[in-house]
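Residue numbers (the working numbering), protein chains in the order written: chain A, 67 to 659; chain B, 67 to 659.
Misleading hints may appear alongside valid ones.
The list treats identical chains as one, so a pair stands whether inside a single copy or across any two.
Below are the DSBU-like pairs computed for lysine-lysine, each with C-alpha atoms no more than 35 Å apart in a straight line [what the hints assert, rightly or not]:
hint: 1; residue 1: K548; residue 2: K504
hint: 2; residue 1: K489; residue 2: K501
hint: 3; residue 1: K548; residue 2: K489
hint: 4; residue 1: K105; residue 2: K427
hint: 5; residue 1: K501; residue 2: K533
hint: 6; residue 1: K352; residue 2: K489
hint: 7; residue 1: K489; residue 2: K504
hint: 8; residue 1: K105; residue 2: K592
hint: 9; residue 1: K326; residue 2: K352
hint: 10; residue 1: K533; residue 2: K592
hint: 11; residue 1: K586; residue 2: K603
hint: 12; residue 1: K323; residue 2: K580
If you're looking for bench data, these hints aren't it; they were derived computationally from the structure.
Number of protein chains: 2
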Amino acid sequence: ARVMYDFAAEPGNNELTVNEGEIITITNPDIGGGWLEGKNSKGERGLVPTDYVEILTEGAKDGFFCGNSVADQAFFDSLSSNAAQINSAAKTNNQVNSAHDPWPNWQSGNVDNTNSGDGWASKPESAVGQKNTTSNNWEGAAQFGHPQAYQGPAAADDDDWDDDWDDPKSTSPSYLGYKDSESSEAGGPQRGNTRAAAMKLPLNKFPGFAKPGMEQYLLAKQLVKPKEKISIIIGDYGPMWVYPTSTFDCIVADPKKGSKMYGLKSYIEYQLTCTNTNRSVNHRYKHFDWLYERLLGKFGFAIPIPSLPDKQVTGRFEEEFIKMRMERLQGWMTRMCRHPVVSESEVFQQFLNFRDEKEWKTGKRKAEKDEIVGVMIFSTMEPEAPDLDMIEIEQKCDAVGRFTKSMDDGVKELLTVGQEHWKRCTGPLPKEYQKIGKALQSLALVFSTSGYQGESDLNEAITEAGKTYEEIASLVAEQPKKDLHFLMETNHEYKGFLGCFPDIIGAHKGAIEKVKESDKLVATSKITPQEKQNMVKRVGTMAYALQAEMNHFHSNRIYDYNNVIRLYLEQQAQFYETVSTQLHSAFSQAPDQ
Amino acid sequence: ARVMYDFAAEPGNNELTVNEGEIITITNPDIGGGWLEGKNSKGERGLVPTDYVEILTEGAKDGFFCGNSVADQAFFDSLSSNAAQINSAAKTNNQVNSAHDPWPNWQSGNVDNTNSGDGWASKPESAVGQKNTTSNNWEGAAQFGHPQAYQGPAAADDDDWDDDWDDPKSTSPSYLGYKDSESSEAGGPQRGNTRAAAMKLPLNKFPGFAKPGMEQYLLAKQLVKPKEKISIIIGDYGPMWVYPTSTFDCIVADPKKGSKMYGLKSYIEYQLTCTNTNRSVNHRYKHFDWLYERLLGKFGFAIPIPSLPDKQVTGRFEEEFIKMRMERLQGWMTRMCRHPVVSESEVFQQFLNFRDEKEWKTGKRKAEKDEIVGVMIFSTMEPEAPDLDMIEIEQKCDAVGRFTKSMDDGVKELLTVGQEHWKRCTGPLPKEYQKIGKALQSLALVFSTSGYQGESDLNEAITEAGKTYEEIASLVAEQPKKDLHFLMETNHEYKGFLGCFPDIIGAHKGAIEKVKESDKLVATSKITPQEKQNMVKRVGTMAYALQAEMNHFHSNRIYDYNNVIRLYLEQQAQFYETVSTQLHSAFSQAPDQ
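Modelling step: build the complete structure from the supplied sequences, incorporating the hints.
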């Protein structure tokens, strides 16, 4: 096995110090609790965290790359040389943009680039934490795949998973993690980033499911009629998902520290309680991560599935961090519960409603074997609506691309400004008020040494003013937690949503491109006219799904932003009023001479 | 004549470009309007500003130093070798402290150095604009004397004065000049600095007044009984000046641009109106400067005479600058009018109440010939109070030294903090609010492109919130002019006062030292016991004067700080209330969903 991260043995714990890049021999692959026993080249033996090493498989001895993706690519290219060009263009574009911009080339032509002066194309992309590869590569290679993927389903036992551990190099949490999102934007590849990349090609994980994806969906003669049917109806606002008659939320609470291996490894377990059943289940972060990967794999091309809050090693048990992670896990769960398609899905229901460990494990294995993933999700959809023509389809898709790109810019601008403001309000500004307060108080102290009679009133007034400014300092420093925090969190969440759209739009654009080329394929008898007709209908289904999802997105957006703006303004008004009251009280204590 | 500053000729104005250090021959010493005609080594002729060149006199051809000061120093040294040691110690100290700290050595021993961690001794001294030489040097050499002093009274015609021009290298005015005071702290010697240095030895200016100063005052058998008698009485708060029965202020107003030399040189003339007489006179800045030098020469060892607002070349006629200078000239005049000794002095009265040009010139010449200057001012004082013993005298003096030094530190701290706050409130903070406002508005603009129905309420609310933050930005940026400005101005004024104390305390300490040594002088028959007795009495008079002045200072201080703190708190409270109201109004426009 190849060591992926430096690991320093704790003395007396039977551990083995290993360095990144080192090759060790695994002498016992499953000690339990996320540990394996290894032997290094010097023959020293000891325990190493399972997820610090990568089991080298046949054909992948030299690196992280999955061999069969190249074959997939070749198949795809033979079908559509144009798509390959898009692919390579997207790659080039991404190279220019430091490979960090998930908004690919198809945008630049279409977007109403009114604010092109901002040069959005050259901005480092913050959604990189979400998805990291070239976006048009929706059928490309699984580069930097999650090591876990290579262990194969047989090797993976429930107790053998990743722990909550993340890249040990990740920075320590700045308050509320706004810094984290920045650092992950700027930093090199982190394990958190690779997860999504791997999940973009979930089919690679499932041997026996050959020639997967877009061709299968668009060209298959007869779509499988799955038991799970996702309805799309035409409502007042256009296409929409069918909302369940009763909704529920899931309360994430009561984080408890648990430990394994006699305290060697510890973790946090959260209690999840559904508001409809009032029953609770417990889940660790890695279980959420598992759910995220399932949802992304299953719905990721139709529904934006925002990534979970970042994994974190440093300060993992620090109170503030646990509170913050729980708050964000809660936000994430609420989002998922609010989504009519996701919340009704079997994998999601099973995650919340298993009765015992056995039922959970059975459900988990079933979900992992689910074949309706990737673009195949569209095969479960039957819009009760007239067929769309290609022009309409393309326009709708472009409109969504434009809007989500613009909103992504807007949200990021607000986040940048908010981040700056947060820093000022919690750093230099209160420090300055404190300095003013201290300067006033020390002046009053000097005055009191004058020996001059009858100036105690003045000195008390100045001291009072000084104290007031010290109080203002802490009011200023505490305020962002009461208002800016929520504005930031909402925008942070939406940044997560919006970061999913390049892939979604990419899939749609890819499908549209294929249909556009299909005439040529019909002419050269590579496909039948019936197949071409099927393609148009299926791209139409995709367009309806996109519309339905956008309508869901918009209604949520309006609700969320309205709430958060109201809260922000109300809290801000209250803050300024409080400060004013305090100053007025200090003023009234100064002698009116 | 030697050129002191670079001067670049304006084309077509018959001027001559000269460089610092260049020697030119004066072909016409008085062209009028502050210009002379000179010839450079190449034989080129042209006009040069009079105050850009120094007329080289006998024995001073090689530099700026006035020869006879060395003789004075020798006389002094022969009398008191100890004083010379203090002198050289002070010099050393000043060298270490970049020669910028007017608070000399005598402090460090006495001061209750509770905040010695601040290292006040190593702080660059901001009062340098006021007085620049070693402070104990109260009878030392007139280094860097004002060039005007060397022209002799005969050469100086009323029309031949300095113009308003100052060192052309001085920085352009930052708003309200707070930056100026900083830059003059950091900068090298400026002409503004040299003025006070020259005035510290006003007696050098008056030939025929030999062996001037402390010895004369302390040792003279019979003090001249001048017509001008300054009374000191014992009031409720201890020794005090006698306040005149009626007071007056002087309104500085109506700045008018005038010009001379057919518009070649222009200046600003201010109208001064006394509130008691309601009559007006006009004065240029240079007249104020003349008055300042007279007052400093006459009262400077007994009464802190703060320097005038800095001279300024750049933007001299810029509206903001004129307004600011006038405001500060007003402040300065009000201070002087409020002072019972200064306001009643002949020179001050004459400055405000001359009836015509002739009367002004006569009064001006008379004031320049006044021999009651320097420490001789104490000879006009007759405290109606019991004699003090030396221990009391020294304690009082030390107490004043400690207080003024501590207050100087306190005031500077507040100015530093205020300066920082000013910058933030007028720079980054409103910029940030503006950014928040713009970010909100552009997000609303993006939202409006969604094509989703029924979100116009939200978008209007967000736009309104954005506009409110833009308004807050300008409220924040404008607010310092309404409150911080006055807090800064008051502290700035007091910094000016406090900067005078090192010289005042230095004179007192010097006198005390002399009396301490006088026993030795009596023993060696260098002075008589009667002379020694006179010395104690006269140092006692100085101590009473110091007490009287401190009581005046304290009562003003209490009044001023009370006013400014009240104003500051009231304005600040109002500001926060306004912001709160605006935010609340924006809040009320967001839909309550």
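### Message
Could you work out which of the previously given hints the structure breaks and list their numbers from low to high?
### Response
8, 10, 12
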